[in-house]
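Q: If you want the building blocks of each chain, they are given just below.
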Amino acid sequence: MKTKRLILLIGGLNLALYAYLYQYEPIEGFWLDVLLDISFPLWALTATFFLYRVSQAYEAHEKPRRIWLAFAAGLGAWTLAEIIWMYLDVFPYAESEVPPLSLADIPWLIGYACFALAFWLQYVRLKRGDIKALQQRFIQGMVFTIAATAILTLLLRQSGAELPVWQLAVLAFYPVADLVLGIGAIRLWRSFGRGRWIYPWFGLLIFVAGDIPFTLLGAFEKLQEEPWLLLADLIYLFSYIMITYFCYHLYALFYQEDPLP
Amino acid sequence: MTSPGLHMMETLFSHVPFEQHSLESAKLEHFLETLRKRHFTGAVWVHSATNESAIVLFIDGLLLAEFLSPLGVLPCRSTTLEHILSQFRLGHLSVMVQHLPVEALQAVRLLLTSSLETEVDLSTPNDLKKAIRTYTETDGSTVLLLTWSDTDGCLVLTNGQPAPLASVFWKRGTPLTNDDALQAIYTYLTSHPATMTVYRVQQVSAEERDIAISLHTAFAALFNQMLFLYQDFVGSHLATRLTRHLNRLITSKYGWDVRVSTNGIEGGTTFSTAEEACVAYEQLIRDFINLAGIVIGPQLAQLLVRESFQLLPRDLRDTLNTYNLPPLEPLR
Chain A
1 MKTKRLILLI
11 GGLNLALYAY
21 LYQYEPIEGF
31 WLDVLLDISF
41 PLWALTATFF
51 LYRVSQAYEA
61 HEKPRRIWLA
71 FAAGLGAWTL
81 AEIIWMYLDV
91 FPYAESEVPP
101 LSLADIPWLI
111 GYACFALAFW
121 LQYVRLKRGD
131 IKALQQRFIQ
141 GMVFTIAATA
151 ILTLLLRQSG
161 AELPVWQLAV
171 LAFYPVADLV
181 LGIGAIRLWR
191 SFGRGRWIYP
201 WFGLLIFVAG
211 DIPFTLLGAF
221 EKLQEEPWLL
231 LADLIYLFSY
241 IMITYFCYHL
251 YALFYQEDPL
261 P
Chain B
1 MTSPGLHMME
11 TLFSHVPFEQ
21 HSLESAKLEH
31 FLETLRKRHF
41 TGAVWVHSAT
51 NESAIVLFID
61 GLLLAEFLSP
71 LGVLPCRSTT
81 LEHILSQFRL
91 GHLSVMVQHL
101 PVEALQAVRL
111 LLTSSLETEV
121 DLSTPNDLKK
131 AIRTYTETDG
141 STVLLLTWSD
151 TDGCLVLTNG
161 QPAPLASVFW
171 KRGTPLTNDD
181 ALQAIYTYLT
191 SHPATMTVYR
201 VQQVSAEERD
211 IAISLHTAFA
221 ALFNQMLFLY
231 QDFVGSHLAT
241 RLTRHLNRLI
251 TSKYGWDVRV
261 STNGIEGGTT
271 FSTAEEACVA
281 YEQLIRDFIN
291 LAGIVIGPQL
301 AQLLVRESFQ
311 LLPRDLRDTL
321 NTYNLPPLEP
331 LR
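Which chain is which? The protein sequence lines are A and B, in order.
All letters in the first sequence, in the order written, are residues 1 to 261 by our numbering.
All letters in the second sequence, in the order written, are residues 1 to 332 by our numbering.
Read the hints as simulated data drawn from the structure, not as lab findings.
One or more hints might be untrue.
To be verified - Result set (SDA-like, lysine to any residue): computed pairs, CA atoms no more than 20 angstroms apart in a straight line:
no., chain 1, residue 1, chain 2, residue 2
1, A, LYS132, A, LEU117
2, A, LYS127, B, GLN299
3, B, LYS37, A, GLN256
4, A, LYS63, B, HIS237
5, A, LYS63, B, GLN231
6, A, LYS2, B, ARG36
7, A, LYS127, B, LEU229
8, A, LYS63, B, PHE228
9, A, LYS63, B, SER236
10, B, LYS37, A, ALA252
11, A, LYS2, B, ARG38
12, A, LYS63, B, GLN225
13, A, LYS127, B, ASP232
14, A, LYS2, B, GLU33
15, A, LYS127, B, GLN225
16, A, LYS63, B, THR240
17, A, LYS2, B, LYS37
18, A, LYS127, B, GLN302
19, A, LYS4, A, GLN256
20, B, LYS37, A, ARG5
21, A, LYS127, B, PHE309
22, A, LYS127, B, PHE228
23, A, LYS127, B, ARG306
24, A, LYS63, B, ASN263
25, B, LYS37, A, TYR255
26, A, LYS63, B, ASP232
27, A, LYS127, B, GLU307
28, A, LYS2, B, HIS39
29, A, LYS63, B, THR262
30, A, LYS127, B, GLN231
31, A, LYS4, B, LYS37
32, A, LYS127, B, LEU311
33, A, LYS4, B, ARG38
34, A, LYS63, B, LEU229
35, A, LYS63, B, ARG241
If we strip away everything but chain B, and leave its shape as in the complex, we get (with noise of 0.2 angstroms):
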């Protein structure tokens, strides 16, 4: 049985146009790696004569996932790349390749890691609006896989975010992302109705909630500060970049349902501890130092994040402290 994620890729993909390659298999590897030099964004499809496939997933150049089916159906283990180039190693092979929005595969990556709850029909675009709001204020990411017959998308949602944090909808196979594919969504949904499978990521306890939830609020807080900051002092073009770069580490790299705007930070409240989302937000401040450090130079990216902490309220700082948080070197 494929796993939620690849029932995606399944059904999601089967109708995204895809250039096809004939190569020698010993040219795999350059061929992957050209494919990342390039920074590209979406699957590999890779079958040998002898009926074995994989699938490779990238993100912006990044690996995110790898599959194997050495049965000749559809890739369903999980497995690494060099495992990968090690059964593809005498033949010829087909690959072919799809460009894939990132936010395909941010969903990708969260329903690696989410179980099967429901199957309902969606008749109108209100049925969706309920799901939505429904999910919105349930504890956890939910990933609405929504399928017709000639088209499929999906929506992200976490709690507590009343708009989804991805939506992709396949349009005459071309994507549509975010503000886009949800209005072409509600659009279809009016004349079409569809088939909508509900899939949770996790389920958090509410105590333990609480505290992150208490957490996530200082985080977003000294978060939204730095890139004001940031934002104010390299303006609004690499402030996006910046946030762009974040998210698709975050989406590949790392997996959180978090996602960052020049607006501040999104999602975010579903670590299941505190100790979790320490981790993830402690790492999302190095990546911003890193990433900011690139324009502005590290010791003025650390001084960002010095002066956006200064300038919380009191109990936001009190409990950041009580994290360690922000990691920041001592002055010099």
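Pulled out of the complex, with its shape left as it was, chain A reads as follows (with noise of 0.2 angstroms):
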């Protein structure tokens, strides 16, 4: 069988043990926990470990290296994100639950910043000899990524969300952080086409796109609500099942010797 089709036959496999723990909890306690929590750092893992690896293809002095490299090391924080969750829920709150900001947030929000700068090296290797545009545009990112922040912690506060103001604009700079990467991903998507460059940028609109409706729904309190949490973790485990597929596709493209067209 193809790799890329395990991928998908273990990834369709995952969600489907992943419905059933949670539903039916066959076992109880720490590792009805730790099987829940760990196919979302392993897969994150996985992913990290075929961007690196197509990093590592390139010579030092190679631009698109730094390009995988700040790629790979968004998703080695979300990584590290998703280990300290899994620790979290399954030690101090394995009686209650995890509070909606935690010490997670800390690589949760770096990984962010290393997506924003891979798009940034991307894009100037896209539009050489035009910086300037390009650095308008990204500027014109990041006001749109604060003003919308702004807003959405203002609607969070009026809807009657209890949380502190600073931890609110933390939350709401999620699902408008993922916006901005999915717009970015799908104007990648435009200049690419079907080219396996695009693959992995896919894979990220594809996660950002699941993780908007988690984070909102997070922010709303409405997580706690079935079947609201159960559907948010399939949406966002299936994320990460596609991150990881694409980035195999790229991965594939360095280390195996793809038949011609």
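Using the hints, put the two standalone chains together into the complex.
A: So this is what it looks like as structure tokens:
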């Protein structure tokens, strides 16, 4: 069986197993939490590995290396965030809910910064000699992110969310940052068309699309209600599977002799 | 009488190890198909119980040539795979599979359309260096087949390129290629005199050659720029893979004496007319767009070609424009 299909098969089984464990709880306590939580860091780690290996296929002086290194660093930061969150869920908060903001959010935010850097490096390669226009675009993106985060924070505050403002701002930042990364990925998609180069960016697009409902439900404190939690978890896991799947496509281009078209 | 290509296979491949298989004739097609899917590069020798034999040559899974001999000696008649399969419909077959380097098959490909010019003895590396110099200063392409009692080697030369386009040397059954092969041949020649057989591929008239050279100069500049931009964009690893795929296509499908590396294009000055060269160059650009398009998308690949063209000096652009090169779709 081809590895690409194998990833999809394992991903499908993982989703089914997750839903089964969640719904029927055939085991309880520590091991249930471990089995439910472990899929996320594992998929994130696998995607990190693929992109890190791609970056290592380049000589140190080659410019595309930095793009994929920044991308891999973003995935690596998210892997760390998932591991921290899993630790919190399994140990200190085994009997209660992990708070909406925790130590895991630090690597989460670092991950966004890494992806922003990867986007910048990619666009610089794409728009050679037109850096000024690119800088303007990035400034516009940052202004939009700040403004939209502020508006969403205000909306959350007015809707009765009880968290402190700075925590609401961080929670509001996630869907806005997802939206900005998604727009950046769609624009790259338009440039690269069906080329394999777009695949990790396309995976990121799927990921951020899957992350938006998750963070919004969290911000409006709907995540504790069924069936929203299971649905959000499955979408989130699906997004990780997809980003891994698409990162593998680029990895395969470097490390496997694909046939001629 | 066998053709030079087959003569080369007779001698050059005689000491190459092979895998022997025995199979029902009905399974031959499936066997060849499996090799094709595995991107096999080499020769498949088929012998029937009734003493018929055939050779099928592959490069990276693509069919290079097929030969059939109904008389039971060395296969000597160029044919098609369908014909071979129709001839081997009954009984058991003995099938031998030889893995060969692309460079050896590139030489065979050229030898299939060449003619014997001369045969001389070489006793020192300087004799070979002199021969290489002579034939790289002569119009057209040349294949030098070097024969010793225990091994063989071959060099593919083309006008205007000081280094051989392809070199192969069989050292204790293991093929060395290109720079390694050339160095090993020189070393071996210091203590072992060889017989050199010279095959000439084609000749072109001086007037037509001048036109073809000016087109070639412009095209080489364009193609080098395309490769440079592509390498700058995706890195050397993927650029090298693209050139390797292009070389395989050139050798197996088109048979031109052109070789592409990340440094640019080599050879290709021996097309008999500018029109013939133009067809080849157009195809190369299209293949570049197809292959680069797999990585960066066809639209961006077209953009790279367009940008490369715009970066060329005016006179080179004019030359290419005369022949409607590069072939690009209108901007959307």
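Q: Which of the stated hints cannot be reconciled with the structure, identified by number in ascending sequence?
A: none
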